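S.K.: Sequence:
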Amino acid sequence: MSNHLNFFIDGKWVAPVVPATLDVIDPSTEEAYTKISVGGKADVDRAVAAAKAAFPAFSQTSKAERLKLLKRILEVYNERYEDIAQAVSQEMGAPITWAREAQAWAGRAHMESTIKALEDYEFSEKRGTTM
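In the working numbering, the protein residues as written are 14 to 144.
Here are the computed distance ranges between Cβ atoms for each label pair:
no.: 1; residue 1: Leu131; residue 2: Gly24; range: 21 to 27 Å
no.: 2; residue 1: Phe71; residue 2: Thr110; range: 33 to 39 Å
no.: 3; residue 1: Leu82; residue 2: Ala60; range: 16 to 22 Å
Taking lysine-lysine and the DSS-like style, the derived pairs with C-alpha atoms no more than 30 Å apart in a straight line are:
no.: 4; residue 1: Lys25; residue 2: Lys81
no.: 5; residue 1: Lys25; residue 2: Lys48
no.: 6; residue 1: Lys76; residue 2: Lys129
no.: 7; residue 1: Lys76; residue 2: Lys65
no.: 8; residue 1: Lys25; residue 2: Lys76
no.: 9; residue 1: Lys65; residue 2: Lys84
no.: 10; residue 1: Lys129; residue 2: Lys139
Simulated from the structure, these hints should not be mistaken for laboratory data.
Values in this document were obtained by computation on a predicted structure and should not be read as measured data.
Heads up, the beta-carbon is just placed ideally off N, CA and C, and yes, glycines get one too.
Make the full structure from the sequences, and use the hints.
M.R.: Below, the structure is given as structure tokens:
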């Protein structure tokens, strides 16, 4: 059984403030296949503070920078596609073919459509003059 007990907050993996775990059950076998940490208020507060601190800089990133980031996320998603399908199958108890062809595929399709929308979106337009 694998354990996923840390949270990714402020660019690093950190232990929960108050350790508490939960077994994750595969519905198809009714067996625990991993443990996860259950976060509390202090963990949420820490994550929110990190997000607020990151927002001013991230809010100033260009369309090109955001596209580069989204494309990299999609690249990693595609590299880990089978891992994602396996995780979906275990977490939902779904047949692996359905997890691959519907669930994992949908995640990729959402990311692709987000990239396309950002590529095509005009953030400003000239509407003529007042003269």
